[in-house]
Amino acid sequence: MLEIKGISKTFNVGTVNEKQALNQLSLTLNDGDFCTVIGGNGAGKSTMLNAIAGVWPVDEGQILIDGQDVTKLPEHRRARFLGRVFQDPMNGTAASMGIEENLALALRRGSRRTLRKGIRSQERKLYRDLLSKLGLGLETRLTSKVGLLSGGQRQALTLLMATLERPKLLLLDEHTAALDPKTARKVLELTQEFVEEQNLTALMVTHNMKDAIAMGNRLIMMHEGRIIYDVSGEEKKKLTVDDLLKKFGEASGGEFANDRMMLAN
Amino acid sequence: MLDMFTIAELTKLFNAIPGAVAQGLIWGIMAIGVYITFRVLDIADLTVDGSLGTGGAVCIMLMLTGHNVWVSMLGALFAGMLAGMVTGILHTFMGIPAILSGILTQLGLYSVNLKVMGKANQAINVDKFDLLVSLRFIRGVPVYKNTILIVAVIVAALIAVLYWFFGTELGCSLRATGCNDRMARAQGINTGFNRVLGLMLSNGLVAFSGALLSQYQGFADVNMGRGAIVIGLAAVIIGEAVFGKIFHNFALKLFSVVLGSIVYYLVYQAVIWRGIDTDLLKILSAVVVAIFLAIPYWKSKYFTKPVKKGGAK
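Quick note, the sequences are listed as chains E and S, same order.
Using my numbering, the first residue of the first sequence is number 1, and each one after it goes up by one.
Using my numbering, the first residue of the second sequence is number 1, and each one after it goes up by one.
One should not assume that every hint holds.
[Claimed, not checked] The calculated DSS-like cross-link candidates involving lysine-lysine, where the alpha carbons are at most 30 Å apart (straight line), are:
id : chain 1 : residue 1 : chain 2 : residue 2
1  : S       : Lys245    : E       : Lys145
2  : E       : Lys168    : E       : Lys133
3  : S       : Lys245    : E       : Lys117
4  : S       : Lys299    : E       : Lys145
These aren't lab readings, by the way, just hints derived from the structure by calculation.
Nothing here was measured: the structure is a model prediction, and the numbers come from that model.
Start from the sequences and build out the full structure, keeping to the hints where you can.
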């Protein structure tokens with residue numbers, strides 16, 4: 001479903017802040033893979049997701065989604081293949097627009113925006129049904145401005161928007177990191193539900209190693225812009241947090257001690 | 001306090017009110033254009049200082065060369081859209097910050113406006129040409145020729161069309177672009193295209209307003225757009241401050257901008273009536289707009305309690 005062939009990206013070339021964020025990274029995801037991504041700060045996890053989404057062009061390499069080369073496509077044209085949820089709940093929705101308006105924007109991801117009505121009345125029933133499944137009471141607030149919702153509600157809505165038009169690939173960029181533990185749990189449950197229900201292919205970046213182990217059928221660990229550990233199936237099920245910490249220690253030569261990864265233990 | 005003024009003076013003020021309303025309505029169209037960039041797209045577009053004059057110049061020159069008034073105003077509209085497109089391309093395709101893009105276009109338009117008119121000022125005679133609006137058509141004309149009525153109808157029609165447009169798929173995507181462009185791109189919206197489109201729409205309206213204004217005052221002037229952005233912003237801000245709490249529907253918000261513009265011109269007339277030096281009007285406008293723009297910032301900085309907007313009354 002997703003094929004990344006040797007992509008590299010260096011930021012701030014020629015300055016003191018020069019940073020190679022991705023280093024000849026390659027990754028192939030099979031149809032239906034739910035892959036969690038872990039790694040220290042600056043390992044390139046979010047950068048990889050942004051490269052796939054086309055936020056900026058990569059320096060070298062190729063990205064294929066469902067066999068189609070998207071390397072040169074601009075961000076908004078790749079969106080037809082991708083569902084995205086960001087770390088900051090404010091990023092995924094338009095605050096000054098209503099819940100139904102946000103959903104209507106998402107329903108039209110990948111199609112041309114015409115001069116037809118922005119929301120057709122029959123869509124509202126679909127939205128109400130889907131929102132009631134979230135269990136957050138949003139189904140009665142279709143016209144409420146999204147800016148009035150809590151972070152957790154906005155993130156759940158963003159998740160719904162990302163999967164409203166079935167994406168070929170779902171990109172989750174630490175989408176629970178900014179939420180309180182209880183809300184984070186709820187959003188993770190919804191994530192699991194959506195992925196299973198639609199049998200989605202997904203990449204989920206997380207700092208929580210327990211979540212990374214518990215969720216999905218595959219796990220990759222990144223370090224200095226490349227994948228240093230890739231585990232799936234039965235082997236992944238047997239993983240423990242200690243195993244991951246050890247792996248990470250081996251790769252980074254012990255420098256992980258003060259890393260944020262430890263906090264999520 | 002009213003005792004201080006004679007009946008004659010008060011009559012003078014009341015006589016000035018219809019003119020102020022007409023001017024306010026015409027500038028209201030311009031303010032709607034500013035609202036589209038400033039509030040919907042979240043861009044402060046300074047192109048308008050140039051495109052208002054462009055609209056006036058194109059309309060007057062087309063009429064002087066024998067074109068129908070509607071054709072001339074349509075020409076002004078297109079000229080404004082072209083100006084907006086230039087700013088949009090400078091901003092999106094060439095990556096120049098929005099404010100600077102607008103300033104560059106505005107500066108360029110000064111030359112364009114001079115070349116269009118051939119000189120700094122072109123008058124049009126209301127008796128010789130079939131003008132749609134004029135300061136002579138305020139009183140003592142049949143109702144259907146009354147400038148206030150005509151402009152009010154045009155404003156209503158424009159608000160209706162804009163209300164429809166911003167409810168379409170394309171219009172919604174334009175609002176999303178201004179609200180959260182990162183989200184918009186993630187939803188497959190071409191934010192660059194939408195910015196250009198929004199700037200074209202806005203400057204088209206501004207030039208259209210310029211076309212009406214030049215007919216109203218009987219001439220187009222190369223300097224007629226100077227400071228227009230501030231008047232537009234003042235109208236937007238006054239409209240929001242006075243009617244923001246009661247008007248939530250998008251059409252009503254546009255309407256409140258027009259009302260804001262009318263309030264601005266009523267105040268303007270009152271200031272003139274009190275005999276205050278009109279040379280000071282621009283700095284007065286600038287100060288008022290600056291204070292109103294600062295209010296949301298002060299609120300967020302000095303009041304921890306989240307307060308809804310509108311405390312500026």
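Results of checking the hints against the structure:
1. S:Lys245 with E:Lys145: Distance ~15 Å between Lys245 of chain S and Lys145 of chain E Cα, so the pair holds.
2. E:Lys168 with E:Lys133: Measuring from Cα to Cα gives roughly 22 Å; hence the hint holds.
3. S:Lys245 with E:Lys117: The hint holds at about 27 Å.
4. S:Lys299 with E:Lys145: holds (21 Å)
Hint compliance for this structure: no hint is broken.
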